[in-house]
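K.L.:
If you want the building blocks of each chain, they are given just below.
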Amino acid sequence: MAADVRLLADPFDPAAKLAAFTAAHPAAGGVVSFLGQVRSGEGVEALELRHYPPLTLPGMTALGQAVLARWALDGLLILHRHGQMTPGDPIVLVAAAARHRRDAFAAADFAMDHLKSDSWFWKRERRGGEWRWIEPRDQDHADLARWG
Amino acid sequence: MAADVRLLADPFDPAAKLAAFTAAHPAAGGVVSFLGQVRSGEGVEALELRHYPPLTLPGMTALGQAVLARWALDGLLILHRHGQMTPGDPIVLVAAAARHRRDAFAAADFAMDHLKSDSWFWKRERRGGEWRWIEPRDQDHADLARWG
Amino acid sequence: MAKLVFLGRLEDLAGGPEREVAPGPLEAVLATLPVELAVALLGDRVRIARNGELITERGGIVLAEGDEIAFLPPVSGG
Amino acid sequence: MAKLVFLGRLEDLAGGPEREVAPGPLEAVLATLPVELAVALLGDRVRIARNGELITERGGIVLAEGDEIAFLPPVSGG
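Residue numbers (the numbering used here), protein chains in the order written: chain P, 1 to 148; chain Y, 1 to 148; chain R, 1 to 78; chain W, 1 to 78.
Because the hints were derived from the structure by calculation, they are not lab data.
Just so it is clear, the structure is predicted and the values come from calculations on it, not from any experiment.
Glycine is no exception: its CB is placed at the ideal position from the N, C-alpha and C atoms.
Treat the hints with care, as some may be off.
[To be verified] Some chain Y residues well away from chain R (every beta-carbon gap over 10 Å; in silico): (1) A2; (2) F12; (3) R39; (4) A62; (5) G128.
[What the hints assert, rightly or not] Which stretches of chain P does chain Y cover? Using the computed rule of at least three CB atoms under 8 Å from a CB of chain Y, they are: (6) 11-17; (7) 24-31; (8) 34-44; (9) 66-77.
When you get a sec, could you build the whole thing from the sequences and use the hints?
P.N.:
Rendered as structure tokens:
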């Protein structure tokens, strides 16, 4: 079983993607998902994620394989936007289907920690008409260190 | 902010419920969800969850309040079926919306551990035409002990 | 009358989800039931709720008119 | 010709996402750039990929015709 890993240039409907993923894994007792979206109400007018094609999707695919090797899953979905987004737009959807709930939680959590701190995306925000690049957060590295 | 906690007698559409929950919390950067469904392919023809009205929903509501008190959430959704279900039917949907990803993961995980081991549901399965009550699993108690 | 409510596998033993009984001391009520059921209802892991409230001390319960006593075996989870 | 690719904030410093350069030693190529950009590209936390492969040893790189050298500042996460 391979992970379904995609880097998307256009908006996607996370509810539809999650419904299709769940339906594709009827033997799984549980599906854990994480949906990240552009926050509203913080003065961010737009967010842009840039990637480097030779590295970004290959890195996400390798992450998917690492997650599948580490937990007993029935399925793994990793969708990630690039390009410009506005508040409320979905950025990332990770879903893990497993027979056992704990595996699904850990796999989704691990995948998100690695996507956030360890994948090839550069992010900038527009506030008051000005674009500004976002520096890495220490919290992301602390999250990653949890997995040894 | 109160948790949205419901005990449902009829089938529900988890994708629609999750989409509505996500749309209601635009300031949350992330939404973690757990969907539990009746497993296919294991010989289970039907599953029935029985509850005791004076205790079951009040217990779920108290759990929702405990989760909100423990983590900084923008929203919390707990939907749980009772009655008869067949393979593929959703049983439980928990979703936690938070500014910070780690809070959302921990809250959903905690809520599921407590729903599974600590809420007033009795489950029976029909296999080969015979109904059989399901005893508690030791794993559920081990899961619960993680939270101290 | 008062009512006994049987959850989970206790329902199978009782032959139904509930049973009307005459008010009185719980011991006396249980003595009118089939012995296998009475023994199961008194099991260590069976909790008791009276009118929707869990009871911690099960000695000395007397059923009044209209009372509902529920017998709750270990939950099997959601 | 060869190509330099600038990711993240390096793109702003470079005035665009990429730049065509003549092949040759990377040091010589960098010496033709504005000094502020050259210094930023050589920062400790900037990783380098050559034709899509990360390079661990950045000494002695010589750009051949058609090479693509990407400068990757710390990622800001998804």
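K.L.:
Take the hints in turn and mark each one as holding or not.
P.N.:
Each hint tested on the structure:
Annotated as non-interface, A2(Y) keeps its C-beta farther than 10 Å from every C-beta of chain R; the closest such distance is 21 Å. With a least beta-carbon separation of about 14 Å from chain R, F12(Y) lies farther than 10 Å from that chain, consistent with its non-interface assignment. Every C-beta of chain R lies more than 10 Å from that of R39(Y), the closest at about 14 Å, which supports listing it as non-interface. The claim that A62(Y) is not at the interface with chain R holds, since no C-beta of that chain comes within 10 Å of its own (minimum 12 Å).
The beta carbon of G128(Y) is kept farther than 10 Å from every beta carbon of chain R, the shortest such distance being approximately 17 Å. Interface restraint, the stretch 11-17 of chain P with chain Y: holds (3 residues with C-beta to C-beta distance below 8 Å; minimum three). Chain Y is given as covering the stretch 24-31 of chain P, and this holds because 6 residues of the stretch bring a CB closer than 8 Å to a CB of that chain, at least three being needed. Only when three residues or more bring their CB closer than 8 Å to a CB of chain Y does the claim for the stretch 34-44 of chain P stand; here the count is 8, and the claim holds.
Requiring three or more residues with a Cβ within less than 8 Å of a Cβ of chain Y, the coverage given for the stretch 66-77 of chain P is violated, as only 0 such residues are present.
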